[in-house]
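> Respectively, the protein sequence lines represent chains A and B.
Take 1 as the starting number for the first sequence in my numbering and just add one per residue.
Take 1001 as the starting number for the second sequence in my numbering and just add one per residue.
The set of hints was computed from the structure by calculation and includes no laboratory data.
Warning: the hint list may mix true and false statements.
To be verified - Pairs of lysine-lysine, BS3-like flavour, derived with a Cα cap of 25 Å:
#1 A:Lys154 / B:Lys1052
#2 A:Lys212 / A:Lys131
#3 B:Lys1192 / B:Lys1143
#4 A:Lys47 / B:Lys1138
#5 B:Lys1192 / A:Lys131
#6 A:Lys126 / B:Lys1131
To be verified - Here are a few chain B residues that face chain A, going by a calculated C-beta distance under 7 Å:
#7 Asn1073
#8 Thr1101
#9 Val1198
Just so you know, even glycine gets a beta-carbon here, dropped at the ideal spot from N, CA and C.
Number of protein chains: 2
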Amino acid sequence: MRYALYYWPSIQGRGEFVRLALEDADADYEDAARTNAGMDRMMAMMKGEGVKRPPFAPPFLKAGKLVIAQVANILFYLGPRLKLAPRDENSRMWLNALQLTVTDLVKEVHDTHHPVSTGKYYEDQKPEAKKYAEGFLKDRVPKYLGYFEKIIAKSGGPFVLGRKVTYVDLSLFQVVEGMRYAFPKAMKRIEKKVPGVVGVHDRVALRPGIKKYLASKRRIAFNEDGIFRHYPELDN
Amino acid sequence: MRYALYYWPSIQGRGEFVRLALEDADADYEDAARTNAGMDRMMAMMKGEGVKRPPFAPPFLKAGKLVIAQVANILFYLGPRLKLAPRDENSRMWLNALQLTVTDLVKEVHDTHHPVSTGKYYEDQKPEAKKYAEGFLKDRVPKYLGYFEKIIAKSGGPFVLGRKVTYVDLSLFQVVEGMRYAFPKAMKRIEKKVPGVVGVHDRVALRPGIKKYLASKRRIAFNEDGIFRHYPELDN
């Protein structure tokens, strides 16, 4: 199956969680919106042109005639197909709950720079962003990553489900990468408490598909248009 | 199958989306945390006592030995079992994408009263809440509900998937109910543009299981500890 991923072409953003799964599995896919024609196609699909079930927002994946939106949903679909999730329902439900917890964390990361309005710039909400980031780094990140730390310990490790890597582990890799980029000072402190999560990150970084991807032009660099943004004034 | 739903006992909150599905289907379930012993059990399960795969937060559903967290995930599981979703994978992926869009909207509803810190009270973030609610009611709600309006039109209506009701329709009912409670002034204006969504609400309200539930003591009243809160100063 040849997949087409539709996502904003100049950021890692939410699309990156899907890219990592496709790249790790060496799947046949195109990052469709990274050409002008693809970008037009993406916008048209969102408007519902020629699509019976148009997505609300990118990322979405085209798999044959099927159009699948929402990161956790896309990964739920791809998981067993890319051998990044077991096929039994119980494990799939569990991985989906974990992935949705990553989704919640990622939304909070976004809100560190956009606490009061998605429609306005960061520059228009800097005081609120400072307040938000404070509680986020002090309470929320340790709570989320502490949870994953517990899950990895319960599974016996080194991954969230035990010995076999899953798409949730790839997402945790991205969370650690992104947090290190956006909040290097805070992460130095936080990482000490979650060696299991850092271990997942390090193991994922060494996987052949991921290594090749990270060294390629396909990996867009972190930047201040994405989800993980480095604003030193927020990093405490 | 007898289900046990674990959720905070004094609010509708996120648990309500699951309650509505169970009630509509007249499923055999207990709202477990509405007894003291149940509340203790819920907290113990979250700590991982006797649970191999502990949830991050309520709501979660116990179905036999399986513990399922995250609203959209619970509904994905229950959907076909309660005859509130078709069994084919394509429709399930589609409904899940829609439900996750409801999840995103509900998170933004929550953030109208907690824009800068989940750990602090609304009273500690009132100016920011006012700013947040403004953009939320002006741009975000029309965008979300306008999307569902389009989906209902595309399906031929009257429900999101066409003629048969699904758990997503029950969730849209709850969104309209909650928005009317929290933002009655703004909703009067917004509803004019989304007659299809209001139609879903009205049809769901008439379903026997829902009618019975809404008239029962099992339905907790909206209040200012929940997700949908009525603060008149935010309703514009």
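> Each hint should be assessed against the structure and marked as holding or not.
Cross-check of the supplied hints:
1. A:Lys154 / B:Lys1052: OK: Lys154 (chain A) and Lys1052 (chain B) at ~7 Å, within 25 Å.
2. A:Lys212 / A:Lys131: violated (39 Å)
3. B:Lys1192 / B:Lys1143: holds (14 Å)
4. A:Lys47 / B:Lys1138: holds (21 Å)
5. B:Lys1192 / A:Lys131: violated (37 Å)
6. A:Lys126 / B:Lys1131: holds (13 Å)
7. Asn1073: holds (5 Å)
8. Thr1101: holds (5 Å)
9. Val1198: violated (19 Å)
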